[in-house]
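*Asks:* Given the structure of chain A, go ahead and fit chain B with the ligands onto it with the hints provided.
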Amino acid sequence: MNKSFVSSVPLPESSLWDTMGKKERSLLFFDLEITARCNNNCRHCYINIPAGDRDAMKRELSLDEIDEIADEAVQLGALWCLITGGEPLLREDFGDIYLSLKRKGLLVSIFTNATLVTEEHISLLRKYPPRVVEVSVYGATRDTYERVTRRRGSYLAFTRGLNLLSESGVYVRLKAMALRSNANELPEIARFCRQRTMDYFRFDPVLHLRLDGNQARNEEIRSERLSPEKIVELERGDPDRFRTLKKECDELIDPRFSQIKCNHLFNCGAGRWSFTLSYDGMLHLCSSLCHPSCVYDLRKGSLTDAWNNFVPRVLDMKSDRKEFLERCHVCPLTNLCLWCPAHAYLEKGELDAHVEYFCKVAHSRASALGYNRILSVDGKE
Amino acid sequence: MNTEVKMDSIYAPSEDVVVREIEGEVIIVPLVAGVGNMEDEIFTLNETGRAILAKLDGKSRLKDVLESLSEEFESPAGEIDRDVIGFVGELFKRNILVEASEG
Ligand code: SF4
Ligand code: SF4
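Chains A and B are the protein sequences, given in the same order.
With our numbering, letter number 152 in the first sequence gets 152, and the count goes up by one each step, no holes.
Take any residue in the second sequence, count from 1 to its spot, add 1000: that is its number in our numbering.
There may be inaccurate statements among the hints.
Distance windows between CB atoms, simulated [stated by the list, open to error]:
(1) P10(A) <-> S1101(B): 31 to 39 angstroms
(2) K22(A) <-> G1086(B): 31 to 39 angstroms
(3) D96(A) <-> E1067(B): 41 to 49 angstroms
(4) N267(A) <-> S1068(B): 48 to 56 angstroms
(5) E92(A) <-> K1063(B): 47 to 55 angstroms
(6) D93(A) <-> G1086(B): 40 to 48 angstroms
(7) R160(A) <-> G1034(B): 42 to 50 angstroms
(8) E188(A) <-> E1023(B): 27 to 35 angstroms
(9) R236(A) <-> G1089(B): 49 to 57 angstroms
(10) E1004(B) <-> D93(A): 27 to 35 angstroms
(11) E1099(B) <-> K23(A): 53 to 61 angstroms
(12) R142(A) <-> G1086(B): 56 to 64 angstroms
(13) G1086(B) <-> T118(A): 38 to 46 angstroms
(14) P239(A) <-> E1072(B): 53 to 61 angstroms
BS3-like cross-link-like pairs, simulated, lysine-lysine; straight-line CA separation at most 30 angstroms [unchecked claim]:
(15) K1059(B) <-> K127(A)
(16) K104(A) <-> K23(A)
(17) K1006(B) <-> K1093(B)
(18) K1059(B) <-> K104(A)
(19) K127(A) <-> K1093(B)
Worth flagging that the hints you see were computed from the coordinates, not collected in a lab.
Predicted, not measured: the structure shown is a model, and the values here were computed from it.
We put the beta carbon where it would ideally sit given N, CA and C, even for glycine.
Next up, chain B with everything else stripped away, as it sits in the complex:
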């Protein structure tokens, strides 16, 4: 499987997880085997992770997501790219994010 993160790709949460919000925290609960390593493993996102995930909605290309995040965080273009790509890559590898088909 190709786990490379592509700027032109559209990403969205996979159907293998359930994304929930409890007490203001975003929690990702694995649904199928292989997402987490343990049966009671859950994933939590910090505020930044949360802002990124909210934009990975199955509609926008990653490069557009990066652009709008730069605006949101008022950081010069390119500065946050590495972090966001790392984040997307990690979630993609774990099957929490999938590449959504266009349209």
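Isolated chain A, as found in the complex:
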């Protein structure tokens, strides 16, 4: 008899990955946007609806609906999930939702702005620990933070909530978005984060457009976008990030990518290992994919049907557009680029459109990393 009957492993090291890796698709996790409402109103936000919006509240999935969908997800094999928003703590039944997911044997992570954290949340999270709580940091000073969130008093609420979380021993990670309104403070934001989380810090410098296509808000987001040069400058200024980017790209920038023969639209992980459930019950293959022919209303069907029948049909979508087939589809810089069909749709209204801004960012990154040789593969910029 083998003497080691039981082994304890952190999730990333589980042997399950070997089993899963052999499959083409298998549900591992899902993102659950329990609300799109938020008490902040960040300039760059791709999703927020005002906290008190009654229509949005009515459309939100109820605890029972979430429970039912999560049961199906667990039956399909999901092992972890992410509760996100908007601001998930705005929901009064947050605790019930959280516990019901945990009780199903899911590992649960939470994204929050931390401004609404209470002692009750802390006792819940201490007793039933999440995988991680990720908090966004919009500024290291009140002025900058509130320039981004456009809400007075939010900085104080944020630091209070963050302190509660940090003191509780719950595993917290911090992250930042870099936009024009806070870019000059990024070194301070990095310091702020590293001081509080034993050196962990990551930032995202490429802003996404709105999921609801709101034009005025999209204009605002565009005006907050950093220039490709500024993005590269910030990334260079963060040696850890630059090193990771370089390491990943040594492995990932792959001229063989340009040998792809099929004309499928999706070459990413969307719908292969995960899905996103939006606040109003729509299943998305990933959080950004909003094209009407790529979403499934779970209030009118079931997750099992969506996952087994609908998602494969979306993954089978193709494009014959010459520009797509010759450029983004075979681009060796794809790992440095935010381009994907979902973002192409948000930017241009078409899943196979080219996006100049992303392209410029990717090329600036590539040349900063010394991949000039590969740049000529695309040859059009």
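*Replies:* The following block gives chain B with the ligands in isolation, referenced to the frame of chain A:
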């Protein structure tokens, strides 16, 4: 807390964990703090561990579990005892198993 494994005791998975089966593997997911050491720690059982756990159902005494496992694995009485007791002890210590009250 007494962590000694007793032959007359009845053991069952605790309510502090969720036992799941994914892709034919048995996975134990901690629910409350203190079962695992890390937030994303899960426990996996090999086939033998799985056979043992299936018998720790909150109804049978450990000595009866041992007997039926010996039969199942066609090993002479007593031979597997040490391994099984070690396994139960480890899970008990980690709060994955609890002593169930009789009946
Ligand atoms: S805190 Fe997050 S969800 Fe809320 S407005 Fe800001 S970016 Fe959007
Ligand atoms: S936008 Fe440019 S860099 Fe990005 S995938 Fe398309 S061609 Fe490549």
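*Asks:* Quick one: are R160(A) and G1034(B) within 42 to 50 angstroms, going by C-beta?
*Replies:* Because 27 angstroms falls outside the window, the suggested range is violated.
*Asks:* Measure nothing beyond the straight line between the CA atoms of K1059(B) and K127(A); if it is 30 angstroms or shorter, mark the hint as holding.
*Replies:* Satisfied, since the Cα-Cα distance of roughly 28 angstroms is no more than 30 angstroms.
*Asks:* Take the C-beta atom of D96(A) and the C-beta atom of E1067(B), compute their distance, and say whether it sits inside 41 to 49 angstroms.
*Replies:* Holds: the Cβ-Cβ distance is about 44 angstroms, inside 41 to 49 angstroms.
*Asks:* G1086(B) and T118(A), beta-carbon distance inside 38 to 46 angstroms?
*Replies:* The hint (38 to 46 angstroms, Cβ to Cβ) holds, given that G1086(B) and T118(A) are roughly 44 angstroms apart.
*Asks:* So does P239(A) sit 53 to 61 angstroms from E1072(B), Cβ to Cβ?
*Replies:* 57 angstroms, holds
*Asks:* Is the distance from the Cβ of E188(A) to the Cβ of E1023(B) consistent with 27 to 35 angstroms?
*Replies:* Given range 27 to 35 angstroms: violated, Cβ gap about 46 angstroms.
*Asks:* Taking 27 to 35 angstroms as the stated bounds, is the beta-carbon spacing between E1004(B) and D93(A) within them?
*Replies:* The hint (27 to 35 angstroms, Cβ to Cβ) is violated, given that E1004(B) and D93(A) are roughly 43 angstroms apart.
*Asks:* With respect to the beta-carbon atoms only, verify the hint that E92(A) and K1063(B) lie 47 to 55 angstroms apart.
*Replies:* 50 angstroms, holds
*Asks:* Using the beta carbons of R142(A) and G1086(B), state whether their distance is inside 56 to 64 angstroms or not.
*Replies:* 57 angstroms, holds
*Asks:* Is it true that the CA of K1006(B) sits at most 30 angstroms from the CA of K1093(B)?
*Replies:* 13 angstroms, holds
*Asks:* Please test the hint of 49 to 57 angstroms on the beta carbon pair from R236(A) and G1089(B).
*Replies:* At 54 angstroms between Cβs, range holds.
*Asks:* What's the verdict on K127(A) and K1093(B), does the C-alpha distance respect the 30 angstroms limit or exceed it?
*Replies:* Given pair K127(A), K1093(B) holds - Cα atoms ~18 angstroms apart, limit 30 angstroms.
In summary, the structure is inconsistent with hints 7, 8, 10 and 11 from the numbered list given earlier, while agreeing with the others.
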